[in-house]
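**Student:** The primary structure of each chain is shown beneath.
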Amino acid sequence: MSDTTMPIEVVSAERHVLSGEITEIYARGIEGEIGILPGHQPALIALDIGPVRVTMADGSKEKIAVHRGVLFVGDDGKVIVLADIAELADDIDVARAERRQRVLEERLASKRNTALVESLRKQKLRVDTGQGL
Amino acid sequence: MAGSGQIRQLKRRIRSVQGTAKITRAMEMIAASRIMKAQGRVRAARPYAEQIHDVIKGLAVSNEVRAHPLLRIREVERVAVVVNTSDQGLAGAYNANVLKVAERTIREEEAAGRTVDLYLVGRKGSGYFDYRGRRPKQAWEGVSDTPSFEDAQEIAEAVTSRFIPAEIDRVWLVYTDFKSSLTQTPTRMELLPVKPEEFEGGDEISPEFLFEPSQAQLLDRLIPQYVEAKVFHGLLESAASEHANRQRAMKAATDNAKDVAENLSRIMNQARQDQITSEISEIVGGAEALND
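Chains as they are written, first to last, in numbering that gives the first Met the number 0: chain A, 0 to 132; chain B, 0 to 291.
Note that these hints are calculated values from the structure, not bench results. Treat the numbers as computed from the prediction; the structure is a model and nothing was measured. Glycine residues also receive a C-beta, built at the ideal position from the N, C-alpha and C atoms.
Stretches of chain A that chain B covers, calculated by requiring three or more beta carbons in the stretch to come under 8 Å of a beta carbon on chain B:
| hint | stretch |
| --- | --- |
| 1 | 13-23 |
| 2 | 40-50 |
| 3 | 78-86 |
Facing chain B, a subset of chain A residues (Cβ under 8 Å, in silico):
| hint | residue |
| --- | --- |
| 4 | VAL10 |
| 5 | GLY28 |
| 6 | ILE29 |
| 7 | GLU30 |
| 8 | VAL69 |
| 9 | PHE71 |
| 10 | ASP74 |
A few chain B positions that, by computed beta-carbon distances, are all more than 10 Å from chain A:
| hint | residue |
| --- | --- |
| 11 | ILE34 |
| 12 | VAL100 |
| 13 | GLU107 |
| 14 | LEU117 |
| 15 | ALA270 |
| 16 | ARG271 |
| 17 | GLN272 |
Just need the whole structure built from these sequences, with the hints factored in.
**Tutor:** Spelled out as structure tokens, the structure:
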């Protein structure tokens with residue numbers, strides 16, 4: 000482990016999304032925004048539905064839409080993001096997410112329920128992340 | 000002439016059998032390519048399940064997991080059986096085998112005086128139980144071919160949401176385990192309650208760890224995810240097994256069609272020989288009659 004970078008792995012339930020060396024990571028925990036730099040104390044943090052932003056060692060930035068995940072910083076400084084669904088911004092089909100967002104909004108207009116609100120948040124996140132917001 | 004009519008008929012049958020062989024051969028190759036893909040998905044899903052498991056094991060060292068609603072053991076009165084079958088047929092004994100295990104589970108539970116609720120994945124399972132007059136509590140179609148994690152979540156949610164308020168006391172997951180492309184074994188696994196032994200043997204997490212929210216709340220979030228990952232695993236294994244079975248069934252069909260075509264062309268050749276022989280003897284006979 001070097002002092003300026005830390006290894007990361009992003010794993011979704013369906014596949015391995017990203018691995019490499021990063022210099023920083025920002026995510027939305029359920030108790031608030033968090034940022035992690037190399038040398039952080041070990042941690043286990045539950046993530047909200049939200050974007051995870053990482054800066055790779057070469058300076059490029061990646062944005063990942065994460066639904067219901069945990070962020071794990073190990074003793075050795077390794078960062079693991081485990082999430083039901085994690086998608087890189089480039090992999091998101093924005094048009095499809097927008098379509099599903101509209102469908103959900105229509106359904107919500109007629110009937111409120113928490114599962115629908117949750118799904119809608121997911122699609123919104125997809126659209127925003129996919130568009131690079 | 001009767002002979003030529005027979006030959007024409009045989010020709011037609013051979014062509015039709017060869018046509019069938021072409022179709023089954025194509026299906027065989029499609030299935031073969033999908034086994035690879037399905038196997039890849041099983042592999043790709045493994046790190047997630049393992050990591051979740053590791054984290055829970057770590058947390059379980061210093062936290063009481065037995066109290067979690069999904070681990071609660073109680074007197075069993077009502078049982079749910081989740082059965083993974085395919086939507087499409089032409090997969091050999093795939094569905095019959097997994098349904099046999101499901102049927103056995105149901106019989107055992109009912110013999111012990113428990114009520115069984117069915118949760119069916121795949122059209123074949125629905126058809127089977129529908130014919131026998133059993134109505135499933137819930138059924139899914141269009142999932143088994145290429146299951147997504149969201150499908151698994153939906154299925155897991157359907158049973159956990161009834162397990163927690165004690166509407167059901169045990170959940171069986173019946174699926175087909177993909178051992179290799181040659182062996183697939185129908186299996187059943189007790190999905191709920193989750194056994195506390197599954198979370199034993201973790202490495203203790205060092206005290207300097209930062210938890211957000213508390214460890215107990217993290218466990219509350221992770222254990223359902225663990226159950227979902229198990230359901231997902233069952234779906235993926237079943238999908239790979241389905242394709243493997245279909246590939247084998249279609250290979251057998253192709254081989255069989257080739258045999259049939261070969262036999263038919265032997266019969267046809269013989270008929271043609273007979274026809275020629277009789278034509279020659281007629282000509283010879285006619286010539287001899289003129290000579291006399």
